[in-house]
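Chain by chain, the residues:
2 protein chains.
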Amino acid sequence: MRVLSSTQGSWNEAELLTWLVKSYPPARPGEGIGDDCALLPCGDLLLALTTDAVVEDVHFRRQWLSWAEVGSRAVRGCLSDLAAVCAQPEGVFLSVGLPAGLSAEDVKAFVEGAAATAAEFSAQLKGGDTVASSVFFADVVAVGRVTGQPWLRSGGREGDLLAVTGQIGGPAAAVALLEAGRTQDCSLWPVLRERFVSPTPRIREALSLAELDIHAAIDLSDGLMLDASRLAAASSLRAVVEAPHLPVLDGVEEAARLLGTDPLIFVAAGGEEYELLLAIPPNELSSAEAHLARLGCRLTVIGHLEAGTGAELVSADGQPVHLASLGWVHGGQS
Amino acid sequence: MRVLSSTQGSWNEAELLTWLVKSYPPARPGEGIGDDCALLPCGDLLLALTTDAVVEDVHFRRQWLSWAEVGSRAVRGCLSDLAAVCAQPEGVFLSVGLPAGLSAEDVKAFVEGAAATAAEFSAQLKGGDTVASSVFFADVVAVGRVTGQPWLRSGGREGDLLAVTGQIGGPAAAVALLEAGRTQDCSLWPVLRERFVSPTPRIREALSLAELDIHAAIDLSDGLMLDASRLAAASSLRAVVEAPHLPVLDGVEEAARLLGTDPLIFVAAGGEEYELLLAIPPNELSSAEAHLARLGCRLTVIGHLEAGTGAELVSADGQPVHLASLGWVHGGQS
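If you're matching them up, the sequences are chains A and B in order. Residue numbers for the first sequence follow my numbering, beginning at 1 and rising by one. Residue numbers for the second sequence follow my numbering, beginning at 1 and rising by one.
If you're looking for bench data, these hints aren't it; they were derived computationally from the structure. Please note that a few of the clues may not be correct.
Chain copies aren't distinguished; within one or between two, either way the pair holds.
Simulated crosslink set (EDC-like; lysine to aspartate or glutamate; CA at most 16 Å straight-line) [what the hints assert, rightly or not]:
id, residue 1, residue 2
1, K108, E13
2, K108, E15
3, K22, E112
4, K108, E69
5, K108, D129
Let the hints inform the model, and build the full structure from the sequences given.
So, in structure tokens, the structure goes:
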């Protein structure tokens with residue numbers, strides 16, 4: 001998602017995606033457009049492949065991050081797509097557009113940051129492309145191996161619990177503080193910055209759940225409610241998300257207070273979380289919690305799937321909460 | 001290669017590539033950085049994966065091509081890397097950076113052009129990413145299957161003939177005419193434009209040679225002499241290329257005359273040819289010629305590999321020809 005610009009231009013990403021899925025339908029679910037990864041059967045094996053592009057001044061600003069952090073963060077976001085299908089990363093490719101003003105040291109720092117993060121998750125830098133460009137961009141391709149059953153968005157069933165890993169709201173709160181120039185006013189800024197700069201692709205967590213009966217999964221890249229609606233739509237169900245149960249990262253409420261914003265905007269609509277949203281049958285919940293607890297990762301039930309369409313956020317008394325009424329505009333914070 | 005800008009910036013692509021290959025060496029040749037594709041062993045199979053990025057005003061100008069042609073051409077360039085390792089294309093992924101000014105119709109035309117060309121070579125559009133960007137870019141990822149032995153750059157042997165498919169010089173001559181605004185003065189402009197807009201990735205040609213003993217291959221993307229030097233370096237040999245034997249496309253000499261340039265610059269240094277340069281043992285030449293002739297593709301012997309280093313272009317009397325002395329500057333035409 002674009003974390004910065006709220007201008008849409010004359011093309012619309014959601015509409016374009018709908019057209020793409022309709023025009024180029026995959027042979028089977030998960031083997032084409034509209035899932036987190038494409039799954040490529042390869043003999044007895046199943047490879048997962050995903051691409052994820054970041055663009056300067058759309059996904060980050062140069063003064064916010066070191067070039068090593070830009071590289072690391074781009075790889076983290078891409079590997080998160082492999083986590084969403086429960087795949088073990090193997091290789092990473094970088095295609096980078098380099099503006100003339102960038103020094104060789106900057107470029108090397110970017111590559112080293114990317115390669116070091118890939119190695120942390122057992123993936124090797126295997127290739128890519130470098131081109132001149134008026135703006136810095138990096139398209140990261142990640143290839144992984146699915147050892148068990150791949151998780152798809154479309155496997156959710158009526159009555160499944162929706163559960164999210166970790167704590168959310170941090171990346172959007174961090175970006176809002178950066179854009180407002182208020183980072184030094186926030187006592188928990190280091191926590192928020194860390195979540196924005198170094199989100200954890202939930203590879204280990206996903207693989208630890210590979211033996212369980214997880215019905216569906218998606219990684220949170222474009223905002224909880226939008227991603228929940230995608231999982232629900234792929235499963236032909238309706239997602240109900242309970243606002244009071246959302247696991248809010250420390251510092252998000254302070255940031256919202258400083259900026260005069262409702263923290264729910266950061267938590268329910270903020271992009272680039274890279275946490276996993278899972279559809280879990282109720283009888284698998286305690287096992288899933290136990291597996292993740294061993295990795296120091298919490299799992300929070302935030303809602304469920306039911307018959308219907310769409311995704312609804314509800315308050316403690318069961319009333320719908322409309323993010324737009326809280327001041328949220330698509331593509332950024334108001 | 002950048003076909004337009006001759007500004008280098010403070011990073012240098014060749015130096016960067018040298019650093020990358022040294023810093024992130026592949027486990028085996030062809031399995032990492034520095035070949036046309038990365039080869040991924042996958043059970044009994046071998047997948048080839050490559051990425052190729054194009055950027056507006058670096059690789060093309062908007063007024064030169066329709067958006068469908070931009071998409072088609074980007075896929076052609078990427079598939080050419082699969083031809084260089086003798087792989088059958090299977091899937092294509094598009095990561096596109098879209099400026100706000102682009103209409104939904106433009107974007108769809110781009111995708112349709114890309115998907116139609118992929119389908120022409122039996123590859124399916126399988127996924128990708130769309131992001132906002134201040135400049136249009138597209139990173140194409142192609143995945144293919146190697147059925148026989150993959151061709152590598154490093155397999156050349158002393159005494160091998162160097163042979164090139166098709167006819168060369170067209171794309172660089174076309175760009176030079178476009179940049180000079182002289183297209184209407186060139187009687188063979190349609191031929192040159194076609195070669196620039198719709199280069200043929202030599203997939204069918206490569207696959208038709210799969211049973212032969214081709215020692216090494218590279219696709220011509222950055223200029224014949226630069227690519228010949230890469231094949232030679234990977235094979236620890238020296239490439240000798242004979243200028244009088246180069247198969248020059250019709251119209252290249254006329255374009256050079258109009259522009260007051262030596263046609264050898266277009267032919268020996270022009271990028272984005274997407275023809276194949278093959279290192280062939282002399283006893284396989286006639287078979288290779290016969291296989292390609294059946295596909296309507298000529299194969300021209302232009303030189304050989306010998307002990308030594310580097311790549312040298314020589315004239316009819318065996319004297320070295322220096323492109324710089326003809327007015328060639330790296331990154332464009334003078």
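These are the hints, each one checked on the structure:
Taking CA atoms no more than 16 Å apart as the test, K108 paired with E13 passes between copies only; the shortest distance there is 12 Å, against 32 Å inside one copy. In the homo-oligomer, the alpha carbons of K108 and E15 lie at most 16 Å apart only across protomers (11 Å), although the nearest pairing inside one protomer, at 37 Å, exceeds that limit. In the homo-oligomer, the alpha carbons of K22 and E112 lie at most 16 Å apart only across protomers (13 Å), although the nearest pairing inside one protomer, at 39 Å, exceeds that limit. Taking the closest pair of Cα atoms, K108 and E69 come within 16 Å of each other only inside a single copy of the chain (12 Å); across copies the shortest separation is 34 Å, beyond that limit.
For the homomeric pair K108 and D129, the shortest alpha-carbon distance inside one copy (14 Å) is at most 16 Å, but the shortest distance between copies (25 Å) is not.
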